[in-house]
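*Asks:* Taking the hints as your guide, dock the two standalone chains into a single complex.
Same order as they appear, the protein sequences are chains V and C.
For what it's worth, numbering that gives the first Met the number 0 labels the leading residue of the first sequence as 0, then goes sequentially.
For what it's worth, numbering that gives the first Met the number 0 labels the leading residue of the second sequence as 0, then goes sequentially.
In case anyone wonders, no lab produced these hints; they're calculated from the structure.
Even for Gly, the Cβ is constructed at its ideal location relative to N, Cα and C.
Certain hints may be false.
Unchecked claim - Here are the simulated SDA-like pairs of lysine to any residue, each with C-alpha atoms no more than 20 Å apart in a straight line:
1) Lys252(V) / Thr106(C)
2) Lys187(C) / Pro328(V)
3) Lys167(C) / Thr107(C)
4) Lys116(V) / Asn67(C)
5) Lys116(V) / Glu66(C)
6) Lys113(V) / Asn67(C)
7) Lys337(C) / Ser321(C)
8) Lys252(V) / Asn15(C)
9) Lys340(C) / Glu66(C)
10) Lys252(V) / Leu310(V)
11) Lys167(C) / Arg184(C)
As the list claims (entries may be wrong) - Examples of chain C residues lying across from chain V (beta carbon under 10 Å, computed):
12) Met85
13) Asp88
14) Lys92
15) Gln103
16) Phe108
17) Thr114
18) Glu192
19) Arg240
20) Leu242
21) Glu339
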Amino acid sequence: MFLLVFVLIGVTMITFFLSQVLLDPLALYMTERTREDAIPAIIAYYHLNDPWPIRYVTYVWNLLQGDWGYSRSLSQPVLVGMAARFPATMELATIAIIWTLVAGIPFGIISALKNNKLPDHVSRLVALTGVSTPVFWLGLILQLVFFYYFYLLGLPHLPSSGRYDTTLEIKNPVQQITGFMVLDTLLTGNLVMFQDVLAHLVLPSFALGFISLGVIMRIMRSSMLEVLRQDYIILARSKGLSERVVIYRHALKNAMIPTVTIAGLAVAGLLGGAPLTETVFAWPGMGRLAVNAIGRNDAPLIMGFTLIAALILVSANLIVDILYAYLDPRIKY
Amino acid sequence: MSSATEKNDALLQVNNVRLDFHTYAGEVKALDGVTFLVKKGEALGLVGESGCGKSVTALTIVGLLPENASVTEGEILLAGENLLAMTHDQIRKVRANKIAMVFQDPTTFLNPVLTIGEQLEEVFLLNSERLANVAAERKIEVEAGKEEQDTSGAAPKLARSRQKKVAKALSIDVLSQVRLADPERTLKQYPHELSGGMRQRCMIAMALARNPVLFIADEITTALDVTIQAQILELLRELKRQLSGSTLLITHDLGVVAELCDRVAVMYAGNIIELADVKELFANPLHPYTQGLMRAIPMIDRRMERLETIPGSVPDLIYPPSGCRFHPRCPFAFEKCKLEKPELLHVGKGHTVACHLYGEGKA
Numbered sequence: 000m001f002l003l004v005f006v007l008i009g010v011t012m013i014t015f016f017l018s019q020v021l022l023d024p025l026a027l028y029m030t031e032r033t034r035e036d037a038i039p040a041i042i043a044y045y046h047l048n049d050p051w052p053i054r055y056v057t058y059v060w061n062l063l064q065g066d067w068g069y070s071r072s073l074s075q076p077v078l079v080g081m082a083a084r085f086p087a088t089m090e091l092a093t094i095a096i097i098w099t100l101v102a103g104i105p106f107g108i109i110s111a112l113k114n115n116k117l118p119d120h121v122s123r124l125v126a127l128t129g130v131s132t133p134v135f136w137l138g139l140i141l142q143l144v145f146f147y148y149f150y151l152l153g154l155p156h157l158p159s160s161g162r163y164d165t166t167l168e169i170k171n172p173v174q175q176i177t178g179f180m181v182l183d184t185l186l187t188g189n190l191v192m193f194q195d196v197l198a199h200l201v202l203p204s205f206a207l208g209f210i211s212l213g214v215i216m217r218i219m220r221s222s223m224l225e226v227l228r229q230d231y232i233i234l235a236r237s238k239g240l241s242e243r244v245v246i247y248r249h250a251l252k253n254a255m256i257p258t259v260t261i262a263g264l265a266v267a268g269l270l271g272g273a274p275l276t277e278t279v280f281a282w283p284g285m286g287r288l289a290v291n292a293i294g295r296n297d298a299p300l301i302m303g304f305t306l307i308a309a310l311i312l313v314s315a316n317l318i319v320d321i322l323y324a325y326l327d328p329r330i331k332y
Numbered sequence: 000m001s002s003a004t005e006k007n008d009a010l011l012q013v014n015n016v017r018l019d020f021h022t023y024a025g026e027v028k029a030l031d032g033v034t035f036l037v038k039k040g041e042a043l044g045l046v047g048e049s050g051c052g053k054s055v056t057a058l059t060i061v062g063l064l065p066e067n068a069s070v071t072e073g074e075i076l077l078a079g080e081n082l083l084a085m086t087h088d089q090i091r092k093v094r095a096n097k098i099a100m101v102f103q104d105p106t107t108f109l110n111p112v113l114t115i116g117e118q119l120e121e122v123f124l125l126n127s128e129r130l131a132n133v134a135a136e137r138k139i140e141v142e143a144g145k146e147e148q149d150t151s152g153a154a155p156k157l158a159r160s161r162q163k164k165v166a167k168a169l170s171i172d173v174l175s176q177v178r179l180a181d182p183e184r185t186l187k188q189y190p191h192e193l194s195g196g197m198r199q200r201c202m203i204a205m206a207l208a209r210n211p212v213l214f215i216a217d218e219i220t221t222a223l224d225v226t227i228q229a230q231i232l233e234l235l236r237e238l239k240r241q242l243s244g245s246t247l248l249i250t251h252d253l254g255v256v257a258e259l260c261d262r263v264a265v266m267y268a269g270n271i272i273e274l275a276d277v278k279e280l281f282a283n284p285l286h287p288y289t290q291g292l293m294r295a296i297p298m299i300d301r302r303m304e305r306l307e308t309i310p311g312s313v314p315d316l317i318y319p320p321s322g323c324r325f326h327p328r329c330p331f332a333f334e335k336c337k338l339e340k341p342e343l344l345h346v347g348k349g350h351t352v353a354c355h356l357y358g359e360g361k362a
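The following block holds chain C by itself, in its conformation from the complex (with noise of 0.2 Å):
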């Protein structure tokens, strides 16, 4: 495949980002150039062990790392334009409409003290121009009298107390569409008073409610209980046949990968190690750690004593190994990775892989 085809059809392209967090014992390197893009239309799968940035670069994308974070390098793109080289006014516009982002904990990420309706009609009520259509479409009118018609701006503009009409509406689709059984009553309802597997519909609902072209995803099953991680995973599978858009699904979960994405890109330490659509991952992982990962994987048809682990732990990001991050770890080890970082390589089939075992083995 080539490269320009692949560029042609992508949404969102990470391009060499690093970043570092200034903590008071050192500069973390946490991102060490990140590269990988997502295509129009495709889900694909972040995974990777905790801290190796995989949530770093949702935030990086969305532009809402913390204060001590600095980018150093690197651009991201989405649809043509840099979303690191927006002023706080126009990424807060890209998040208003078109990249819209679920977190782990739904318990923590909800506005204890506003109800679900305060907190998803207020995602509706940003964009005025998309309420004027649909109240036009729908014909939804408040009484008579109470309605101020604004003519002075060219974008179509209703009076406030019909927008919150029309956003209370759409509220209610939004919520019958994540598959919430009453959501009149949700609507009026406080976080507390939601089970987890409610508050995390609540929180999808939030999401499609900006009508994203891309969705991303952040260990959205991590907090819950594993009947309602299964409802929710179902739910996205059939929120992806719906929607056009594009998902990025950042996991530590294979089989979520498995069920859910297109594509997967495997991260370790800050860096995309191996890229490939899932079926091949699965089938011929290259990477000596997604080859790991792979017999982490417990299967109920292989008997095992032990499950097989990779040795080691994840390095220090403030001290990173030198050359390839994985290294110190690596069965496969020789001289050249101690002492340089390989490069992403296509290894054929839309896959690629950062590992001098096989720069090697095409030089």
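So here's chain V without its partners, still in its complex pose (with noise of 0.2 Å):
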């Protein structure tokens, strides 16, 4: 938790140090067309003629007080602007990393399991390729192939951008509770968009966990080949129990702990991939929008999204630390 306070500290530094000091902060708040005149009135009113120190100690204050500075390429305030696109952001994360658990862990048991022969060269060879993939070249692909040649050959084929299809939902509106598309069209009980989000997330999803798949299953066999052959299991074979039991009640939940770690490595590895995939499948997330920003020269917007991606990344850590003490009775806090 100490940590968690200190990290986020060190983020804000940092991205006030690259974008206010650094840098000239007046070119932030200027275009081309600004009046010269105008200037002085900037200046005086983000108070830049301040020492940084108390500039920056301003720009924390307000942060706690919930303001994260004013967006200029969104006319909002960035975080009105981030809160509405957070969603999106993180349902296809959400289902990028459950699909990758849930098809990375069994893989890498398998793999691990049937060591050296078919099915563990098959998904070492996929998991290769998923770490070697780039993110963005394979969004490419994945739409040539599902998208274009299926459509060509008159196949069914999948969407290859955007959320949801508009048309459709102005004949079936979709209600907004939790901003999850997919939760909110059940819970409605609108089963056409339904089908619809989850047509619009399989592509994305897929192009955003490949990379982690690849790291889940590698590490899932590794580390599962390691415990197999520890003591304990020569002892759990003595008993005579199945070997079913051996694998999935003595060696699955020591062989979670190192994977575990990978996993939650692998959920910051996902909001890296955001951008890209976002802007390759023109995901309407908080990864855009910081490409945007970028382009744009929006520093508060850029300032907040890095922000936000250090607080997630500090509660994945979290998360994995009090998953250890769960799984391994010797580490307690």
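*Replies:* Written out as structure tokens, the structure reads:
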């Protein structure tokens, strides 16, 4: 918990220094059409003549008050703009995490149990491909094959961009409850849109999760192999337990410990991949917002996104630490 | 003694077992025709230096060899049934009900993420019939309404919740049997919360839980410090009196053998080289290697400048010596020892030895 606060302070310092101290902060508030006589007013309004330590403290104080600055590119407060796009990113990332864990852990186990046999070679090849494929390239190839080629061949094809079909939504309006469209459509019983939303999630969540899939599969495989060589597995077998019990009761919990660490890091990896994936698939989330903000030199928005990303990363690590204590009784906090 | 009567009261017969390990460097001929038997109710000691094949013999009996090992010859009979010819599932049932093994290091052999209770109760849960009988005997009930009667199977079977309750009761029994002070508390503890001696007691309890006809103890005192060793040996002695099954005690400590065993088999480089009653072996060791071992025991009433050792070192089992595997280190070796492998010979009073010195004398 202490570390969490420390990391977040560090992140605000770095973003603040990069955008407000090393560069002329005035540039952030000007366009080519800004009149020269407006400059003193801008300086006065944003307290740009104050020494930077005072400006930093003011910035942090405002953050704590919920004032994350005003985004020029959105013409909205940063927090409002991000809150609107947060569910889209979370929905995409959640689906990606779920499918990578659901696929990665079992395939890692199978890979370990069929060590150096065909299933192992196949899953290792998939893992290696996953780790070494750039997200944006994979995204484009997926669109080309599953949208364009399937469309050309007259096959049922998957949508290539956006969260849902806007024309379909006119006839089947979705009521916003949680912001997660999968949940909202289910809760309101809007099955037409539910199918449409799921179809839109397939390609981007696959592209986003593919790297993590490789990482999780590999770590699950190697830690399972490691655990199966341990003495306590011999004892478990010597008790006459079935192989299924030996693996799922005695080996799995031990093998999950390293995997959980990597899964936590994978969450961070997903956030890193979000701007690329969201850009390729025109996904209206925070990642694309950040990319646009960089393009338009919208410093408060970039700082806001960085802070949110750091917050999610630190929380993921906190959850990992809590899971550790659950998995390994030798760890106590 | 005639060998026919010996076979009749045999529980376990290991006949001419050969075993190779496939390694990068070559075939390691780890067991070279191992032959011995364990009688009903007796404690047989299996002694020898590190790497002579004691533990491999034990792992072969329970079918837990590593993947690179293969038995090329021989049979292991438990009450007439060949364990080596069994399917995975059959040998698994033998491990669950008949042969229980306790290992050397209680720190690495207990699962660190499961409680002692979880690791002990699962042994009882394998045998649902026994659980049902115990439940009937002791009238262990579960809260009304929770119980589901299962009448489909021929064998009596209890509902899962009730099975667990019985298993817990039995676990507490077996933990008190190994003299743990607070069994209920131990059940809830993880291995890292216990001392080495307590862990070893728990591992012994897991073996006793199966009520085995054969109890194999593989160097179970080696990883413990001396005072704890004494306690564990005391426990074994006590259990030996109480239990009807046979024990195969693997050790390199002749003192342990002298205290606990009825008979001893001496192993050298994958062979049984001498087998006799404990008293007979200590009084009258015949094989030069056994004699060397006896001389290497420090005695408090015998003052020595240096402890005696057997000259030479353990042979390379990828290229084992021809003939008798001990001949390069044997002070009495002669030409025949290099050429011919000696057979186990009866030399009287249930004493057998594999050495040409005695074959010669008889012929």
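*Asks:* Hint by hint, which ones does the structure fall short of?
*Replies:* 3, 8, 9, 10, 12, 19, 20, 21
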